[in-house]
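Numbers 92 to 251, taken from the working numbering, label the letters of the sequence shown in order.
Bear in mind the hints are in silico, worked out from the structure with no lab data behind them. Glycine included, each C-beta is placed from N, C-alpha and C at the ideal position. Take these hints with a grain of salt, some might be off.
[Claimed, not checked] Calculated cross-link-like contacts (lysine-lysine; reagent style DSS-like; alpha-carbon spacing at most 30 Å): (1) K151 / K110; (2) K166 / K233; (3) K166 / K179.
[Claimed, not checked] FRET-style restraints, in silico, Cβ to Cβ: (4) E142 / D235: 34 to 44 Å; (5) G236 / N141: 21 to 31 Å; (6) E142 / G236: 13 to 23 Å; (7) H147 / I96: 37 to 47 Å; (8) H105 / K197: 16 to 26 Å; (9) D235 / D167: 13 to 23 Å.
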Amino acid sequence: MADEIKNIFVSHQHNDADKIEAFKSLIGKHGISMRDSSIYESKLKNNATNEQYIKHELIKPQMVWAGTVVVLIGKDTAKSDYVNWEIKTAGEMGKRVVGVYLQGAKEEDVPAELNVYGHALVGWNGDKIVRAIDGEDMDWEKPDGTPRESNPMGMNHYTC
């Protein structure tokens, strides 16, 4: 069976940009080829510094193009204003938002906006990640893969 091709924007804290290739490889082993619309330093060649320009002229168009936004959750992800903005923006666009714990992540690393706009939160497990991207309703997980009490807001999320 051929890989399914998905347009995915990967939201991440800048120190985790090097994990995007590992993420692509992991989901590739489970049947998804990813067209990457993510913005990260090695792809950002114009050295832009204006926050509004970066958000609305560089990031947002890439998110519009994507079908799913995957949030890589590592150390300090919860503190990233950009990641929280990307999650909220994706949610307001009606995008599916899937959180994925990086190895070594803790529950306190989960961005607040994921609790509001997220559809799934899973560990670094290719099968679970692919099922979450494909729209399967998943139990929310803790970093160790054990069940979490849904999202802390206790809300179901639906894409219109």
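These are the hints, each one checked on the structure:
1. Note on K151 and K110: the hinted pairing holds, with a Cα-Cα distance of about 21 Å set against a maximum of 30 Å.
2. The suggested pairing of K166 with K233 holds, with an alpha-carbon distance near 14 Å, which does not exceed 30 Å.
3. Under the criterion of a C-alpha separation no larger than 30 Å, the hint pairing K166 with K179 is consistent with the structure, at around 20 Å.
4. As the Cβ distance of E142 to D235 is approximately 35 Å, the hint placing it in 34 to 44 Å holds.
5. Between G236 and N141 the beta carbons are some 40 Å apart, a value that contradicts the proposed interval 21 to 31 Å.
6. The given range of 13 to 23 Å is broken by E142 and G236, whose C-beta atoms sit roughly 36 Å from each other.
7. With their beta carbons about 27 Å apart, H147 and I96 fall outside the hinted range of 37 to 47 Å.
8. Take H105 and K197: their Cβ atoms lie about 19 Å apart, and the range 16 to 26 Å holds.
9. Range check, D235 to D167: about 20 Å between beta-carbon atoms, so the 13 to 23 Å window is met.
The structure fails to meet hints 5, 6, 7 from the earlier list, while all remaining hints are met.
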